[in-house]
Each structure stands twice: as structure tokens, then as C-alpha cells.
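4 protein chains.
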Amino acid sequence: MKRLLVVVILTLFAFGLNATVPHRSSIPDIPGYITLKGDFHIHTNFSDAQVWPVTRVDEADFDGLDFISITDHLDTHHQHMAKDWGANVNRNTSYEIAAQAAKKYGIMVIHGAELTRGTRIFPGHFNTHFISDAEAICAAAEASDGKFGSDEVKKEETAILSGLAEARKQGAFVTWNHPDWEQQAPNETKWWPIHTELLNKGLIQGIEIYNSFSGFDPEAFHWAMEKDLAITTGTDAHKPMFQWVDYEKGEYRPMTLVFAKERSLKGLREAVDARRTVAFADGCIYGKEEFIKPLLDACISISGVKFSEKKMTVTVKNLSTIPVCLSKAPGSEMVVYSRLVRLNEGEEISFTVNGIDSRKPWNVYDFDINFYVTNWFTDTDTPLKLSYHVSVPAKYRK
Amino acid sequence: MKRLLVVVILTLFAFGLNATVPHRSSIPDIPGYITLKGDFHIHTNFSDAQVWPVTRVDEADFDGLDFISITDHLDTHHQHMAKDWGANVNRNTSYEIAAQAAKKYGIMVIHGAELTRGTRIFPGHFNTHFISDAEAICAAAEASDGKFGSDEVKKEETAILSGLAEARKQGAFVTWNHPDWEQQAPNETKWWPIHTELLNKGLIQGIEIYNSFSGFDPEAFHWAMEKDLAITTGTDAHKPMFQWVDYEKGEYRPMTLVFAKERSLKGLREAVDARRTVAFADGCIYGKEEFIKPLLDACISISGVKFSEKKMTVTVKNLSTIPVCLSKAPGSEMVVYSRLVRLNEGEEISFTVNGIDSRKPWNVYDFDINFYVTNWFTDTDTPLKLSYHVSVPAKYRK
Amino acid sequence: MKRLLVVVILTLFAFGLNATVPHRSSIPDIPGYITLKGDFHIHTNFSDAQVWPVTRVDEADFDGLDFISITDHLDTHHQHMAKDWGANVNRNTSYEIAAQAAKKYGIMVIHGAELTRGTRIFPGHFNTHFISDAEAICAAAEASDGKFGSDEVKKEETAILSGLAEARKQGAFVTWNHPDWEQQAPNETKWWPIHTELLNKGLIQGIEIYNSFSGFDPEAFHWAMEKDLAITTGTDAHKPMFQWVDYEKGEYRPMTLVFAKERSLKGLREAVDARRTVAFADGCIYGKEEFIKPLLDACISISGVKFSEKKMTVTVKNLSTIPVCLSKAPGSEMVVYSRLVRLNEGEEISFTVNGIDSRKPWNVYDFDINFYVTNWFTDTDTPLKLSYHVSVPAKYRK
Amino acid sequence: MKRLLVVVILTLFAFGLNATVPHRSSIPDIPGYITLKGDFHIHTNFSDAQVWPVTRVDEADFDGLDFISITDHLDTHHQHMAKDWGANVNRNTSYEIAAQAAKKYGIMVIHGAELTRGTRIFPGHFNTHFISDAEAICAAAEASDGKFGSDEVKKEETAILSGLAEARKQGAFVTWNHPDWEQQAPNETKWWPIHTELLNKGLIQGIEIYNSFSGFDPEAFHWAMEKDLAITTGTDAHKPMFQWVDYEKGEYRPMTLVFAKERSLKGLREAVDARRTVAFADGCIYGKEEFIKPLLDACISISGVKFSEKKMTVTVKNLSTIPVCLSKAPGSEMVVYSRLVRLNEGEEISFTVNGIDSRKPWNVYDFDINFYVTNWFTDTDTPLKLSYHVSVPAKYRK
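Residue numbers (this note's numbering), protein chains in the order written: chain B, 492 to 889; chain U, 492 to 889; chain Y, 492 to 889; chain W, 492 to 889.
Bear in mind the hints are in silico, worked out from the structure with no lab data behind them.
Hints should not be assumed to be uniformly reliable.
Intra- or inter-copy, both count: the list cannot distinguish identical chains.
[Said to hold, decoys possible] As a list, the in silico DSS-like pairs of lysine-lysine whose alpha-carbon atoms are at most 25 Å apart:
| no. | residue 1 | residue 2 |
| --- | --- | --- |
| 1 | 528 | 851 |
| 2 | 886 | 645 |
| 3 | 595 | 797 |
| 4 | 779 | 528 |
| 5 | 528 | 638 |
| 6 | 802 | 595 |
| 7 | 646 | 889 |
| 8 | 740 | 808 |
| 9 | 889 | 692 |
| 10 | 851 | 645 |
| 11 | 851 | 784 |
| 12 | 851 | 681 |
| 13 | 638 | 851 |
| 14 | 784 | 594 |
| 15 | 692 | 784 |
| 16 | 797 | 594 |
| 17 | 594 | 718 |
| 18 | 660 | 801 |
| 19 | 740 | 528 |
| 20 | 808 | 595 |
| 21 | 784 | 645 |
| 22 | 574 | 886 |
| 23 | 646 | 851 |
| 24 | 876 | 886 |
| 25 | 645 | 692 |
| 26 | 681 | 802 |
| 27 | 752 | 646 |
Given the structure is predicted, the values throughout are model-derived calculations rather than measurements.
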């Protein structure tokens, strides 16, 4: 009888899920790579969040993600599940349930775990991805507990170093999470000596530059660029995603874009190791110019370029979900063109370029039109710069 | 260290919750009673649903409910939690967690449980509310298992009878859930002899006439009216509520309106015992005329009544969230007025009444204007009828 | 200088339009025909509405329509424009402005006009489409004014007969609009002798069965089926469309679906003459079985049909914007399957068919599964009926 | 007959209007003043926009505005209405129609006009508000046309000077519109000598710092602060408002907040003359500290202040529609508190202040907690600064 009940309920779930219309984003591939969209920071009932791993997979489908990493806290099995009720739940279970549920959608699930020792002192939280056994990492982190007396800092640093060493032994890709989280960084965001040690020992490969609790982290983004760490974003979701993302306002969940050679966990791993990641969050793009420039080229189409005796016209369309905001950059004061262009999803705009006096023929024949993309960044406070060269056709030259 | 983490996370949850704007409905009180809005059928992680009890409370606040009843399946403790992992979780726990979490919102939580024996054979599912110990009900239901050999029907009927007897001993208010659920009623919705027995023995007091899986149940509504059972509705939610209700389209969660003498669990109980309940679901109202007529009067305001030599004008406004659809009813063919009036939340309409020939003075002085309220029902396929008497003032009579 | 201003403003309009995301519906073609979506009833500033014809075209693009008919009232040039200010505006102007503006979108604009004589007496309002000169129709309608003394009915009937005769001379396709509009039909919707006369004289070819003011008209739909009139729908929009259609709730504007041999005005005309039209409004479909049956087949995909010893499973997906609600119809009580299936856009559901006792092997081998499509109608109160024949494969027969 | 039609249509409009739910903002009064919300820049069919003045009033009601100024271009009567069709429409007509329509809503309509001479050369566009005769202003501006040969600049400057002189003679309040509009300011936003002349002659009193075409204008805001000009915003709407503002995403129309002594046109005028105006656009506030500081105080409620031996907790709630984003400002490094607080409408957050080492008792007793309000500005790039003094109660001092 019980088996039948399960079948019935699964069917009904499938129906219930469809009650709301998915909010899938449209983000193009770039030359040479497939663009994979995902979330590197997710919790479930198996640590301190409020939903079952299956819901995390349903949500990923709703958002059109290619992958998620299940990163439950190693050191907070669900308070009650593990502690009050004596349940014997392995720390790899949430990953296993999610991976199983994800098959029907074709979503990739990364085996992950979050090492959250030292909440209020500096080493911080670290996500380990592509691991094989969360229990071993937890055990390694806990091995030295009790050896440091009242020296909390030493104790937590040792736990992190040991835990991450085990994770790396398993082949993990490790990220430092939300460096600006106020609980750890109450007055300012700092790179402590422990982080240099982690970096030197090869124990971190990436850094979370956007987290839904604390938002965009300008210092973390700068460190990613400076130290060549892979950029990641995470929702760090504890509640159902619908309570975090205001879909009614058209918001998208923050996501990491990974430029992979193939759509597989192997492809994903090769790409993060090679630092081919970009963040898309709150309508902004953060990443290296070598990736975001081709991404922008893939997002916009330029058409209808026409010259006449006095002007040039051009149409720009945004084919993607990512907004594109252009602001005129210095360098071409001898011609006149649009000072501000904003293109949301599917929007297009035609604009005109002409000489300073629009009532007279061209008097400059070769020039650049320059823009800053004010919501795409190559470093903290550094917008991407675009430059298009224009050459007036011979027949319109005096 | 761990205690601190909990504090921190609770704070952040409170923030996350506010990311989306609540969808609270506006439904007035009626003379003599407070209108309490609630959900009589809800599941959590503690049986086979996907969310923690705390989320159910957050959702109730989001929807502006006054009460919820946590009605986890007695016979499906979470499959894994209870079975695979050997957790020792009492069946009253989900209620206890929800009741604790509800304090900050002032939401009332009813201690409930769903007795779901005999899924595919007829006794059906029953919700027990206002109980004191779910474990005892489960034990009573299971007591005779094994005594009936292959007679599944006998076995399940006995289990239901015993379980509900124990529930009633605890003082429960019991409802028959989703009588038209296809798993139990694959070809038609039937009232079986067992239901007569349950009724005669005082083991059921209410019936679920709307369930989010199966929608409105016309037979159940008719039985409620015929046999004087309390009407209830339930979401029967297993997934996060946002996956069930399309808030983006302005939908409201189905709810039971209870007309209580005071806003307390005691008031709630007195009201359901007295059958003072009405269903609001999919934009329709279902209930006894003695309750829905005053509810309608409280929902609409009538103003601007003006007479002239040839016509009367009047303005009707819907002050509530419940739509009001009026269609002209027979009986006053000697006057002419609006054939169709639809009023959604906050809308108002002015309409005119005049004699058959609108270009001539009144030739009838006393008459009724009659409407059917086509989305408010007093029985299956029986819309509420409204009748307003109009008397033309003496000075406009020839 | 002024010319420049116009250019500038047009550019900015194009930008402004894109500020909101279009609500285009997805409705498939049917075998042999292209499905064209459109609106047969639209007003502009040139009669008594509040927007310029260009906005009507922008709105049609927003809604993804293939065609619109501009049907300004012949007898209410904009009150002020024509009367108070003595503007000399030809009655064909609104069509001309819209047709010009529609070129960039590839939207077809029908040259139309509404003959609205006799507002409060019975002949009613009539839309003339595919006309060549609205001025001549207006003149014909007004020719006999003054000849009938106080006999308003005779006067208006004559005006309608003369006006429509002129329209037909121009080759018009004529529809009777909103027969249930309360201004004309205050107590009931009637087919008067004048309508029989119009029909016999070949002066009407279609009938509006849905109008945004008065909603669905059950009598008109029945007359369309009974008398073989082409079904049309119209928004009858006077305000900006955004004030009529609640896009935020996911509503679609009512539309007429025309099954044409080619996407051209000629194709459109051939199709309406051949009565190949269907109404889509408020989530319902109204039309002849010969068109809505293939439309339903094109809207849904059936896949994953699998048999086993005891059951058959099948997956149904709705590929279109049109909801599909199925309710089990009588005729196959010896098998058990889903009593209720609702599929909104993009949703899919898997369901199971098995014998009466689901725990036993098949005992019936050839049967139909029957459904009513409860929101698709072939006549008033007559849902479309679906019947699928199932034959259990030989190897599962005892 | 025609009169009846008008009545009928007005009734139906009233119904149609209610089809969509209004997006009214909640913005509080400040001590001593009523906060009036409005739009100082609106076009209609009477110049080059696409909607009738009545729709502008419906939209203002939808948005919950207290006032609008109808500012049709003086020099572009609707191209066709005035020119092609020879209509004899007075330039004051759009104001008159709007003022009439606004009575039922209690919305105030300012008699305005936009002087748009010299579109592509520098004097720019100017709105005149509280005028008595738009025709006279137009005539004054055109009086010298033809006297300056090919000197376009001289011609346009003279026209502006003469037109504004006439406007001021009528008692106008004059604003310089969108100084950064690319058509006039293709490469940079400049204050030209003509603007100094206008200022010295008392011909301008305000400046538009936000316009929906060009967005926020940082130079204009700085000039407003520097030269004590009244801040205004305008939608500059030409299309229906729903095509400009993405209500589905929860956007609000940009608005000018005017702090008036009474809710009347007189009160409004006194307030703008006294420069008591603030801009609310794109979720930001721009204005003098003397107004936005009390506005912020009225928007947020602070409650639940509690001290203990080691910390202070406080709850902040945003009672208004205006978002409040706080970022920790320097000056109190000896205590620890929230680095980032974001409060959208209706949201509240509790946060904690304690000493540097949260595990130890207070060691500082009197301090300020400082924030920047990062979306409220007192000058270009200058966020409002908040400073709350905290004094630890004696009993918690060591």
C-alpha cells in the first residue's frame, strides 16, 4: 500500500510544480565554449535550511540552471534531525537525493559541502565542490578540536586547514564564501594572513563575489582579478527560493556563468579550474575582459548600418536576458552620437552618428565610437570599454 | 559557537522573508462574528512534504491567514527520516515546531493529523483537528492490523473507525478529505455505507469541499449542505506554497472562512462545531445562505442612490478581495437595469434602473431588482439570489 | 527644424515601447492552414476612443497579433475634432495612419468601420471590414434621415439597411456586434425580424460572440453555429489596451483565430468568407468541431505511451497558450483513468489507465478513453468531446 | 441620441479603468508640510503625443498622484489636427479637458505649456507652469521670427527670452527641462551663457533633474543645489504611461514630491516658489538635506531598542514605498553593527550593536552609529549621512 502512495504523490507533485511559469534566462554561448548557468552555494534540510533537496532541483529547473552544487554545512546537520532525534544520516545524503531527482531534468548536481568552522572569527566559510566524501572532510576538520585550549582562532584555523587539505585530497575545487559577511567582517572586508596561507598551499581556487545575503562584494571581486581566483556566486539559499528572489518583479536568481568545452561535470570542472567563470547578479556582469567581451558580442546584434552624406545609423538589439547599459566614453569629441543607451531583454534601439554640426557633411572620416558598459565590470569600479571603428565610405567623403 | 550561528541565521531568515511582497486578502467580518481565514490541510517534512514546519508558518503570514492546521500523515512519517535513518521523531513534533514559530506572527496553529489509511479503497482520508496526541491515534488505527487476512477493505475500515474513535476521545473535530480524489474515487464520487456509519457514530463533523489537488468537489459541497457538515478547504500542500499558488497572476490560496465569536483557538473550535464556515477558492464562495448573505453585504458598499423623473442610479463597490459577479435574475421585466455586473477587488460600478422605455417617466413604482451572484453558491449549482426592493419617491410618480 | 524633431521623437518612441515585455501568445497552425490571430473591433481618437491609431498598432505588436481591423464609429467622428473645432478629417484616416504604422511590424490592417446607428433600439451595431470608403457608407446610412418623423425604429433600420448595402457594394465582410450589449438588449438577447432580413439579403456574414465590454455571448455563439455565421471577437477598445487587459495577471487579449491559406489580407478574407474562424477569450475556445479538433491536436503532444501487464501510462503536454481542461466523459466505466486533467501553457502530466482493480491484470483489451474538453466549445454549453481508442498489446492479454 | 451614447461610454470607461490594479505609492508627510506627489512634464494628443488628456488623468489616478501639469509643446500642435486638417484648436484646450476630467478624482491639474524652440541648439526646452494663456506665450515667442536671417542661435534665444518673459508676466513658474538631452547636448551637459542670462532676469525658477527619456541628470541636480533652483522631475510622456513604466516589475513612475502647506494649487505654487521639492525616481531620492532628512525620519520607524550587558538591539522598518539602503559610514570603529541594511517597502530588520569583541561587556559607553543612505542624495554623488547617538545605560557600564 505504501509503495502505491509514493507513486501517486510523485505524480501529483509533477502537476503542482507546473502551477507557476518558469523564469528561465536567455544567455548565449561564446565562441569555443558552451555557457553553463549554475549556483555554487545551496543548503537543504540536511543542514539548517528549510527545504528537501528535491525542491532545490525543482527550483533549478524553474530558473533554467544547468548545474547546482549542494553545499550543506558539514558542522550543522539539521539540528534536530541529527541531534535531538538521533537520526543516523550520512553527510553525503543531500547530494545523493538531489542527484537522483535531477536526472529527469538533465540538471548536473555537484557533490559539495560547506566547511563553516569559525563563524565569527576570520578564516571564514569555504565551499568544497567535486568532493567524494563529506564525512571524511568533516572528520578531518574536527580531528584537532580540543587541542588548543581557549585559543579559538588557532583552533578554527587548524580545522579549516585540515578540512580543506582532506577536500583537496579528494580533488575538490574550493571557494572562499562571502568574505564581506558582516558576521565575520563586522567593520571591513579583509584578506588575512590565513588566506595567503590557504592560497600558497593551493587550498583555495575560487572566491564568492556575490552572495544573496550580503550582495556584491567589491573587495572579493578585486581579489579574484588580482590573484586569479575563479569567480563564483551563490544564493546561499536556506528558505524556498521564491522567498529569496522576487520573481514577480522580474528578478533573476544570481548565477555563475561557466564557459565549458562540454556540457558535463567533467567539462564544468575543467572550466572552473581554468578560471573561465563570470558572475551575473542584480543585472550586472563581473568577469575578465577575455570572457565578458565575447559574451557581450554574443548578447547583442548590430544591424542596419547605413551611411549617408551626413550621418550613419545603426541598430543594436539585446538578444539576451542580461541588461546592457552604454554610456558614451571620451575619445571622439569630433562626432556626435548617443550619450546613453539602455537595452533590456529583447529591446533594440537605432541611433545616429554624425559630425559636430549635424547640418553639414562629414568632416572627419575615420574615428572610433567609444562606450563604457556601465553594468559590466572587468574589475571593481572598472566598467568594460567598447570601441567601434567607423570609416566613412569614400563616396561620402568630400 | 554553535549557539551564535543559530542566532545569526534566524536574523537573516527574517530578512530573506521580506524579499517578496505578501499577498494578503481583504475579507470583512460579519455582524456578530469575526472572520478568521485559514487552511485546514497542510503537510511538512514530518510526513511526505518538502518543507519544514517553519516555512508553513511563514507562508501563512505571507497569505495573511489567521490559523493553520498542521495535518501530517500519521502513517508516513517522512520515509527517510523515520525509516531509513531510524530517527526517533514523535508524531506531534511538526505541530510543536509550527506552534512555536507562529508566536511572533500571532497566527493560531491547530494540532492536527491526517489519518490516511486505505489510500486506494473507500474509507478515504480524514483530518483530525484539535487533538492532544497524534501518536495515540496512530496506535489505535494500527491496533487491529493483521487480524483481517486478505480483506483489505475490512482492515482499513476498522483502522479508520478505531483511529477516529481515539481522536474523538481526545475531543477532535474530524473532516473527510477530498472525497473526489481520483485515487480513491476513480470513476465517480460516492458516499459509501462506511460514511453513513461514521456520521451516525459522530466520528465526522466536517467535509473538505475544495482541495488544491482535485479542486472544487460538487458532491462534497452538496453533502455538506444536506447533512449539515462543516465546510472546510485545504491546500493539502506538499511543496512550497509558491509552487502551488500562482501569486504572479494574483491568485489567492484557497481558504476556509470561519465566523468566530473571538479570535482564539477556543473561538475557532466553537465556530467549526457550530458549522459557521464558508469556503473561498478560485474566486468563488461556497456556504450557507445565512453566512454568505451577510458576508456579501459586508463586502459591498452601496451608495449614491439618486432618483429622477425617469431613472434611478446607484453605485456598488466591492470592498473585499472576493470577486462579485451579478447576473440579472427574472422577476422584474417591467424595468430595465444592468444585465451583468462584475466587481473585482476595489472596483466600483454605477448603474441605472429605469422603465422599459427609457425616454418616458416611470410607469411602475414598486418593484424588486433581482440578481444571481454567479460565483457565490448556497448549494451545488445554486447561486445566491439577491433582491433589492425599490420604491420610486412620491414626487416622481405621475 | 520641425522635421528633425519628428525624427527624434520617433526614435524615442521606439525605445519607450520596449520598456515593457510583450505578452505574445503561442498558438499553432492546423493542417492545411496558417493560424492568424487578430482583433476585429478597435477604436481610436478618430471616433470616441482615447488613443492615436499608432498606439493600436504598437499594442497589436505587443500582443503578437497578425491583424487588426480599425473600426471607428462612422457617426461619431471625435466629438471635438470634428464638431467643436471644425477639423476636416476624412473617415478613412484612422485606417490610413494605422496601415502606415503597421508596416514596420508586418501586421495586417483591415480597412473597417462601425455603423452604430440606433444605439438603444434594436438593429444594433455592425462592423464592416475590407471596405474601400467609409465616407460613402456613412453617407448612404444618413441619406434617408428626416424621412420618418418620430418613427425612430424605422429610421434606424433604414439607415442600417442602406449603410450595409453600400458596404457590401464595396465588398465588405459584415459582422453584427455584441448582440447582448445591455444598452440594446436590456432584458434579454434577441434575434429580431430585422436580423432575419439582414441575413436573407446577404448583409451580414459574421457575428461577434465575445466583446470585452459584455464578455462571452452565449446566444450569439449559438446563432453563429445555427446560421453558419463567421465567429468574431473584438476588444472594442476605447482606452489604452493596458487599461483593459490585466497583463500582470497573465491575461491575454481576446482574439479571433482565422485559419487562412496564406498570410495576407487576401488569405484572411478568403478564410472569413469560408467561416474558418474560432474565438479565443478568457481561456476558452469557441468554434466548429472541424476546426477546434485539429487545433487541439496541434496544441497538445502525446508521448511516452507505455503498456505493462496491468496498466498503460501516457504523457500529455500543452504546447500552446490555450489552456486545456479535460474531464472524464462516460462510456468506459470498465477502466480507470484520470478524472480531471488541467494543462496550462507548457505544462505536462503523465497519467495511468488500468482496469477497475488496479492490482489485477487487464481484463478488457479494447476500449475508448473519453474526455470532455471543458473549456473548448462546439456550441453553447456543448464541450468538445475527445475519444482515444486503446488496444492492449497482445502480449499483455491473458 | 448622441447624448445618450456619451453617457453610456463614460460609464463603460469607468468600468474598463478598473481592469488593472492601481500602483499607488505610499509616501509620508513631513512635519509642517503635506507631501504632494506629481508630474511636471506631460504631453497629449494636442501636441505630438498619442493619448487624449483624459487618459493622462486616469493614469495619474492609477499612480496615486496629487497633481499633474499638462505641458504640451506650444510649437507642435498635433501635426495633423492643426495643420493637415485645419482644426481650430486653442493651445489651452488640453489643459481644460484634463482639468475637467480630474474633478472626479480630486487631482489638481496645473495649466502648463512647453516652449520648445531651438531643439538642436542650446537654449533648450522650458516648461511654464501656472500660466493663464498658452496662446499668448506662443505668440510672444514667434514675434521676432524672421528678423535674424540665418542666425539660428540668435533667433531661438530671442524666441525663448520673449516667450518666457510673457510667461512670467502671467505669473509662471518656469523650469529648464532635461539639460542633458542628447539632442541638445550631444557630447556633454553644459550651462551656457544664455542660462545665466535667464537666471539673472528671473526667467527660470526650477530645473528638471530627472526625465524618463534621459534618466537622472547629475549636472542638473548639482546646478539645482548650487543655484537654488527648484528640483522637478517629469515623465515627458508621449505614449500611454503603461508603455513607459514597467508596472509588472513593480516600477513607479518618477515623481516630484512637493512639501506644501495645504493641498491646493495655491499651496503647490507657494511650495515650488520656496524650493520645497524633492525628486523620487528609479528608487532614489534627490533633494536638500533640510527636506530629505525629515522625509527619511517619516519613512522609517525605529522600535524595539533594548540594551543588555553586551549589546544593543534595534528594529528599523520602512513604512514607505521609497527604498532605504544604508551602508556603514566611518567614525565608530570601536563598535560593531550592520555593514549593510536594505529596506524595501514594508520590510523591517533587526540589528545588533556591540563592542569590538562581542563576547565581552561594553567598553565604550557613548558613541554614534553612522550610516550613508546610499540611494538618497543631497548633491550629485553625495549621499545623505545619518548619525544616531547611543548612550549605554548606567547599569550596563562596568
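Results for each hint:
{"no.": "1", "hint": "528 to 851", "verdict": "neither (49 Å within a copy, 44 Å between copies)"}
{"no.": "2", "hint": "886 to 645", "verdict": "neither (75 Å within a copy, 35 Å between copies)"}
{"no.": "3", "hint": "595 to 797", "verdict": "between (49 Å within a copy, 17 Å between copies)"}
{"no.": "4", "hint": "779 to 528", "verdict": "within (17 Å within a copy, 44 Å between copies)"}
{"no.": "5", "hint": "528 to 638", "verdict": "neither (43 Å within a copy, 56 Å between copies)"}
{"no.": "6", "hint": "802 to 595", "verdict": "between (54 Å within a copy, 22 Å between copies)"}
{"no.": "7", "hint": "646 to 889", "verdict": "neither (78 Å within a copy, 30 Å between copies)"}
{"no.": "8", "hint": "740 to 808", "verdict": "both (22 Å within a copy, 21 Å between copies)"}
{"no.": "9", "hint": "889 to 692", "verdict": "neither (65 Å within a copy, 45 Å between copies)"}
{"no.": "10", "hint": "851 to 645", "verdict": "between (74 Å within a copy, 19 Å between copies)"}
{"no.": "11", "hint": "851 to 784", "verdict": "neither (35 Å within a copy, 50 Å between copies)"}
{"no.": "12", "hint": "851 to 681", "verdict": "between (57 Å within a copy, 22 Å between copies)"}
{"no.": "13", "hint": "638 to 851", "verdict": "between (82 Å within a copy, 23 Å between copies)"}
{"no.": "14", "hint": "784 to 594", "verdict": "neither (34 Å within a copy, 35 Å between copies)"}
{"no.": "15", "hint": "692 to 784", "verdict": "neither (32 Å within a copy, 51 Å between copies)"}
{"no.": "16", "hint": "797 to 594", "verdict": "between (50 Å within a copy, 20 Å between copies)"}
{"no.": "17", "hint": "594 to 718", "verdict": "neither (36 Å within a copy, 49 Å between copies)"}
{"no.": "18", "hint": "660 to 801", "verdict": "neither (66 Å within a copy, 42 Å between copies)"}
{"no.": "19", "hint": "740 to 528", "verdict": "both (21 Å within a copy, 23 Å between copies)"}
{"no.": "20", "hint": "808 to 595", "verdict": "between (35 Å within a copy, 16 Å between copies)"}
{"no.": "21", "hint": "784 to 645", "verdict": "neither (44 Å within a copy, 46 Å between copies)"}
{"no.": "22", "hint": "574 to 886", "verdict": "neither (82 Å within a copy, 38 Å between copies)"}
{"no.": "23", "hint": "646 to 851", "verdict": "between (75 Å within a copy, 19 Å between copies)"}
{"no.": "24", "hint": "876 to 886", "verdict": "neither (31 Å within a copy, 58 Å between copies)"}
{"no.": "25", "hint": "645 to 692", "verdict": "within (17 Å within a copy, 69 Å between copies)"}
{"no.": "26", "hint": "681 to 802", "verdict": "between (52 Å within a copy, 24 Å between copies)"}
{"no.": "27", "hint": "752 to 646", "verdict": "neither (41 Å within a copy, 59 Å between copies)"}
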